[in-house]
Amino acid sequence: MVEIKLDNASVEFSIYNARSRSLKSNLMKRVGGHIGQSAKDDRVVIHALRDINLHLKTGTRLALVGHNGAGKSTMLHLLGGVYEPSSGSAIIKGRVSSLLDLSMGMDPEQTGRENIILRAVFLGMSIAQAKALVPEIAEFSELGPYLDLPMRTYSSGMAMRLGFGVSTAIQPDIILMDEMIAVGDVRFAEKARARLHKIMDNAGILVIASHSSETLRQYCDRAIWLKEGQVLAGGPLEDILKEAHGPD
Amino acid sequence: MHGGSYYNLALKDIVQGFSKWQLAWLLGIGDIKQRYARSKLGQFWITLSMLIFIVAIGVVYSFLFHQEIKSFLPYVACNYVAWTWLSTSIIESSTVFVQAQGYIKQTPIPRSIFALRTIIRNFVNFLHNIIIIFLVFVCMLHPISWNMFLVIPGIFFILCCGFFSSLCLGVICTRFRDLPQIVQAIMQILMFLTPVMWPVSSLSKNALAIVEYNPMAALMHVVSKPFLGIVPDMSDYILSSITLLVLMIGSGYIFARFRARIVYWL
Numbered sequence: 001m002v003e004i005k006l007d008n009a010s011v012e013f014s015i016y017n018a019r020s021r022s023l024k025s026n027l028m029k030r031v032g033g034h035i036g037q038s039a040k041d042d043r044v045v046i047h048a049l050r051d052i053n054l055h056l057k058t059g060t061r062l063a064l065v066g067h068n069g070a071g072k073s074t075m076l077h078l079l080g081g082v083y084e085p086s087s088g089s090a091i092i093k094g095r096v097s098s099l100l101d102l103s104m105g106m107d108p109e110q111t112g113r114e115n116i117i118l119r120a121v122f123l124g125m126s127i128a129q130a131k132a133l134v135p136e137i138a139e140f141s142e143l144g145p146y147l148d149l150p151m152r153t154y155s156s157g158m159a160m161r162l163g164f165g166v167s168t169a170i171q172p173d174i175i176l177m178d179e180m181i182a183v184g185d186v187r188f189a190e191k192a193r194a195r196l197h198k199i200m201d202n203a204g205i206l207v208i209a210s211h212s213s214e215t216l217r218q219y220c221d222r223a224i225w226l227k228e229g230q231v232l233a234g235g236p237l238e239d240i241l242k243e244a245h246g247p248d
Numbered sequence: 001m002h003g004g005s006y007y008n009l010a011l012k013d014i015v016q017g018f019s020k021w022q023l024a025w026l027l028g029i030g031d032i033k034q035r036y037a038r039s040k041l042g043q044f045w046i047t048l049s050m051l052i053f054i055v056a057i058g059v060v061y062s063f064l065f066h067q068e069i070k071s072f073l074p075y076v077a078c079n080y081v082a083w084t085w086l087s088t089s090i091i092e093s094s095t096v097f098v099q100a101q102g103y104i105k106q107t108p109i110p111r112s113i114f115a116l117r118t119i120i121r122n123f124v125n126f127l128h129n130i131i132i133i134f135l136v137f138v139c140m141l142h143p144i145s146w147n148m149f150l151v152i153p154g155i156f157f158i159l160c161c162g163f164f165s166s167l168c169l170g171v172i173c174t175r176f177r178d179l180p181q182i183v184q185a186i187m188q189i190l191m192f193l194t195p196v197m198w199p200v201s202s203l204s205k206n207a208l209a210i211v212e213y214n215p216m217a218a219l220m221h222v223v224s225k226p227f228l229g230i231v232p233d234m235s236d237y238i239l240s241s242i243t244l245l246v247l248m249i250g251s252g253y254i255f256a257r258f259r260a261r262i263v264y265w266l
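So the sequences go chain by chain: A and B.
Going by full-length UniProt numbering, the letters in the first sequence line up with residues 1 to 248, in that order.
Going by full-length UniProt numbering, the letters in the second sequence line up with residues 1 to 266, in that order.
Keep in mind that a hint or two might mislead.
Here are a few chain B residues that face chain A, going by a calculated C-beta distance under 7 Å [as the list claims (entries may be wrong)]:
| id | residue |
| --- | --- |
| 1 | 26 |
| 2 | 30 |
| 3 | 34 |
| 4 | 37 |
Some chain A residues judged to face chain B by a derived CB distance under 8 Å, without partners named [what the hints assert, rightly or not]:
| id | residue |
| --- | --- |
| 5 | 13 |
| 6 | 15 |
| 7 | 59 |
| 8 | 86 |
| 9 | 109 |
| 10 | 118 |
| 11 | 122 |
| 12 | 204 |
Below, simulated DSS-like cross-link-like pairs (lysine-lysine); rule was C-alpha separation at most 30 Å, straight line [stated by the list, open to error]:
| id | chain 1 | residue 1 | chain 2 | residue 2 |
| --- | --- | --- | --- | --- |
| 13 | B | 20 | A | 131 |
| 14 | B | 33 | B | 105 |
| 15 | B | 105 | A | 198 |
Just so you know, the hints here were simulated from the structure itself, not pulled from any lab data.
For each residue, glycine too, the CB sits at the ideal point set by N, CA and C.
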């Protein structure tokens, strides 16, 4: 069963400045009196998310709304299991695919083919399965002979096509997206959208963070409104959009 | 969270890491390819520069220590190849997670994969460097004996050592970014305290302790001695096992306790 359950989950970052991050000041903290005190005060804690309670089940189409810095991206990372909460708990059941960074793990010195394999193995395939996937990605991305050249020779659009092709080749249970992805020129974008819609429709849980109400209306039915790392409100999408953006 | 679950999660991380060994393999090999991308000799540059170093040191020190070059050059070659592997494994274990921050900050991934990646990378380097040993043996007409098969347990010791050192040093060094430099400096000192380039026989009786109680020397010897055709002493194995055990317990605690914090420190 596909499920995400957050119980009082918080994500806190301690920002160490250059001084308190070094071992020297940590030793001094133990040894010295005065310096120790000030070194301790140097530490700034950022509460990126505070006491989040959330239970997502199969069929959820959730929108995250909120201003810049409200915690949307951190929330996506928390839901994807990148951050284990610094307090509280997060239980994530199902294969997660975060379409947050399509070019993650791409090595510019290796060929497109090798990068497809690397990325697919990252997504949980064996090397043999990944190799079998190459022709399909090659056809989709239309890279042709470029596939055997190092990725540093690719234009950014070509690299995106490749990354997108692999990232969407495996059907995940949970999809996390930061804004709707758009890849390539008009013709290719159409093809990409169809491919993306297919895996979005088949996913158990879909979470999208976006500033565009249009996008959210198209894919989501529920929403939560984040502000300063806390859930301000949650409920049907239209109600939350009204609350968050004010009546238009 | 209570103590037990820390250990369960850490163990789960390690089990998953091993089950994804193919990813660690691709990453490790990718590192090597990346370092020597576009160079013709590629990986063999390391081997070549090490060969030059070994021959130079071997010749000079054989005069300094009044050793016969025919036996001293193979001695230095075996020691230096084993030492380089051991010390690089430890030095690079301090940056495993910092190096992998691009991945760790983007996807949920077992942290132990990156420890495996580092030991794979260093092991492949070591396999290349073995060529030097055979090259020197051929030139110096050094006999090859069956004792050479004893390198297998030795290799196992260094692999484990690199793995556990990644899990503890790697975690601590992610939090304290000055430590990798300190580790590197300590390794340099340890190299002079370990009989890599000088014969143990050149030590006076009182100074023998720096070899007898030196874990780095023991770990080096379990690999370098079998290559030379010598059976390592029991004391080498005992000291290596103790070192490994201490490292295992220490890394078990540190990794379990701070594994979840790694991503916050990056």
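Tell me, which hint numbers fail for this structure?
6, 7 and 12
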